[in-house]
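Turn these sequences into a full structure, and let the hints steer you where they fit.
Top to bottom, those sequences are chains A and B. Using our numbering, the letters of the first sequence correspond one by one to residues 1 to 443. Using our numbering, the letters of the second sequence correspond one by one to residues 1 to 295.
One or more of the hints may lead you astray.
Stated by the list, open to error - Cβ pair distances, simulated, as ranges:
(1) A:Asn350 with B:Val25: 56 to 62 Å
(2) B:Met274 with A:Ala42: 52 to 58 Å
(3) A:Arg354 with B:Val139: 50 to 56 Å
(4) A:Lys46 with B:Tyr115: 37 to 43 Å
(5) B:Gly88 with A:Asp260: 36 to 42 Å
(6) B:Ile129 with A:Ser414: 31 to 37 Å
Unchecked claim - Straight-line C-alpha distance at most 30 Å; calculated BS3-like pairs for lysine-lysine:
(7) A:Lys235 with A:Lys413
(8) A:Lys413 with B:Lys105
(9) B:Lys259 with B:Lys73
(10) B:Lys9 with A:Lys235
(11) A:Lys235 with B:Lys73
(12) A:Lys114 with A:Lys46
(13) A:Lys315 with B:Lys259
(14) A:Lys413 with B:Lys73
In case anyone wonders, no lab produced these hints; they're calculated from the structure. Quantities reported herein were computed from a predicted structural model and do not represent experimental measurements. Every residue gets a Cβ at the ideal spot worked out from N, C-alpha and C, and that includes glycine.
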Amino acid sequence: MIGAAAAAAIAIGFSAFEASAQQRQRFDYWYGLTGQLGEVMADHCKRFNESQTQYEAVCTGQGGYDRAEQNTIAAYRARQHPTLVQIYDAGTVNFMLSGATYNAVQFARDFNMKIDWNDYFPGVALYYATSRGEMWSFPYNSSSAVMYWNRGAYQRIGRNEAAGTWEQLENDLRSLKASGHACPMAIDFDTWQWVEQFLAIHNQSIATRANGYQGLDAELVFNRGLLPRHLTNMKRWLDEGLVRIQTAQTGKTLVQAFADGSCAVTMSSIANHGVVGSTASGGLQWSVAMLPVYEGFQRHNSLVGGASLWVMQGKSRGEYQAAAAFLDYVASRAEVEWMPTVTGYIPITNAAFRHMQETGFYNRPGFAGRETAITSLTFTPPNENTRGIRLGNFTSIRSELTSEMQAAYTGQKSVQQALDDAVARGNQILRRFEQTMRGRQLP
Amino acid sequence: MSGKRVTFKNFWLAILLILPQLFLVFTFFYWPAGEALYWAFTLEPPFGGEQQWVGWQNFETVFADPLYWNSVKRSLLFAFSSTALAMGIGLLLASFVDRQLAGYKVYRFIYFWPYAVAAPAVGLAFRFIFAPDAGFVSVINVWFPGLWNPALDGFDAMVLIVLANAWSMVAYNFIFFLAGLQSIPRSLVEAGAMDGAGAVRRMRDLQLPLIAPTFFFLIVINITDSFVNSFGIVDITTGGGPARATDLMVFKIYSDGFKGKDYSLAAAQSLVLMLMVCALTFIQFRFVERRVHYS
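This is the structure:
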């Protein structure tokens, strides 16, 4: 008797649940960001759910960008994947070749979305577009790299503007050291700002075949050109004590070492602008500037970093309609403007950026300087070297390069040898990827 | 060997009772291991789809890679040093408690705790304590500038993960050694003492030979554990660096497979690791166990 009653109660519970699910069409969305930025992701879902009554986004943090990608792949293989997923820039190739995604342009057309594809900054759009310029995912949280510099420390060496060139920066670092600053500049082994952005700004290729956009047979070439010279300089500065390595392992990351005033200059994502602002030690006067270029080189646009939203195959029409509503919502001007107010990310459309400039957002204390990332990202129209990097298994290539930079900076081998080794190993990774993806073409 | 076989009256009940365990072993060991075996001979695209049979290519790639051998070398170094350290300290602590030094009841109770701490938590704690700029140990660099820096010095990084792993294994060894020592009849140890043997002598000639089975068991467990459970510590403290100085085999499998999405290469490496751990255990049983007397 009790069992039957319980079963009936459960049945009623289920039908009530189904009824509410029918009233509000749900869809699953997985995001990678964690910490304060993860809370912003959850907030964005909440804002969407509160903005209307038809759909409901069920949002789940996956504990990191790489976890979000791993979990999505595992879930897809078990047919348990979400409708929408946030995937970082480096995961783009895997998703493009997966056959598991619903490409963005097609999706927007099928579900009558209001997206204006031409309003995205080209530097943002092209990173997530095919070689023919068709976008396969929806740009979302986006950033670029900037130089953080300590105004107070600079004033003590009689300068009141950031270095525009590496030559000037070297002089500044030398003066900072002479003035008693123990750590003029903090660096780490992250390839994103120290190599990838550096190459883009100097209009240097990271790989052949238009940085991989034109085919899986691309080969790495960053051991030639300007990079060996630059990293050799970096190693010399390290030996002279002009730069210092700051990682979580040494006790302080770049951002922490800059924010507490111990290092006077560093380079990092604009997304950390808010973090520096809220954690800076009292009285720290600081600013951001574009990354420096070497004399004799013309500055080009920097690369976008961050993540985009991918729609996955194999979901119901209802779920797709709900996801389309969510994507329209986060791409609306008001929401594109909301993101930069709660994070350091940039507005990703012209319309939102213009409106924010008009309303004086970038003059407000705490936000001033953030437009630097957009100036840097839109400095020139993107070309083959500066629109992005499309290399298979790029996270492994990054980690090979990181290991080789560690070997070079700690004096185990010369910079040129380290870069040659990174290229050789990176090319092996690319060939394996090409073989694994045999018969598939990059769109 | 008496040659007597243990038989159960309720054969089917016995089967029924071990069935859940067999099911778990099948689901979480044989099935994935079988899958890995298949992947190791194919090229598996991340999202699935058409695999290609490539024969031994994945193994050839693994064995031809000097950095793979680097990782094997690092793993062996790590396993043997942390086993030696963890067993040495475990035995020392156990003998202190066994001799009932002051406060031994408290120690007996708290020494086991570290084993209950998950590896990533151990890693995080050690990273904070041993951070060269900001940790407790950074005072070393105040006295001797540049002496300690696991972020840049491969040797220091290896020391760091060995310490962290040994710290968590000491507790386990301590309990087993203590149990072993306490099972030795008091009269034997006391007789030794009356004949004038000191504590060290008694340990070497009397207690150690008597707890040889425990000792042997712990060697096998410690080495196996150092090979397969070191991932959490490496991931949090060093990330395999600097310059691959702590790129242990399990960590390399994780970076190639899950970070790099090269499932086939990772599968081939896990098979090699599995065979290696089996071989090491076999060698220990074949050659070390000969010196062990169980009764």
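30 Å limit on alpha-carbon distance, applied to hinted pair Lys114 of chain A and Lys46 of chain A: Within the cut-off at roughly 21 Å; holds.
Lys46 of chain A versus Tyr115 of chain B beta-carbon gap, inside 37 to 43 Å or not: Given about 41 Å between the Cβ atoms, the range holds.
Lys9 of chain B paired with Lys235 of chain A [C-alpha distance capped at 30 Å]: violated, 75 Å
Distance restraint between Lys235 of chain A and Lys73 of chain B, which requires alpha-carbon spacing of 30 Å or less: Distance of about 29 Å is within 30 Å: holds.
Straight-line alpha-carbon gap Lys413 of chain A to Lys105 of chain B, limit 30 Å: violated, 54 Å
Hint check for Val25 of chain B and Asn350 of chain A - Cβ pair distance inside 56 to 62 Å: holds, 59 Å
30 Å Cα cutoff - pair Lys315 of chain A, Lys259 of chain B: Holds: Lys315 of chain A and Lys259 of chain B sit about 27 Å apart, inside 30 Å.
Range hint compliance [Cβ, Ile129 of chain B to Ser414 of chain A, 31 to 37 Å]: The hint (31 to 37 Å, Cβ to Cβ) holds, given that Ile129 of chain B and Ser414 of chain A are roughly 35 Å apart.
Hinted pair Lys235 of chain A and Lys413 of chain A, Cα distance within 30 Å: holds, 11 Å
Range hint 50 to 56 Å (beta carbons of Arg354 of chain A and Val139 of chain B) holds or violated: holds, 54 Å
Pair hint outcome, Lys413 of chain A versus Lys73 of chain B [Cα-Cα no greater than 30 Å]: Since the Cα atoms of Lys413 of chain A and Lys73 of chain B sit roughly 20 Å apart, the hinted pair holds (cutoff 30 Å).
Met274 of chain B versus Ala42 of chain A beta-carbon gap, inside 52 to 58 Å or not: The hint (52 to 58 Å, Cβ to Cβ) is violated, given that Met274 of chain B and Ala42 of chain A are roughly 40 Å apart.
In summary, the structure is inconsistent with hints 2, 8, 10 from the numbered list given earlier, while agreeing with the others.
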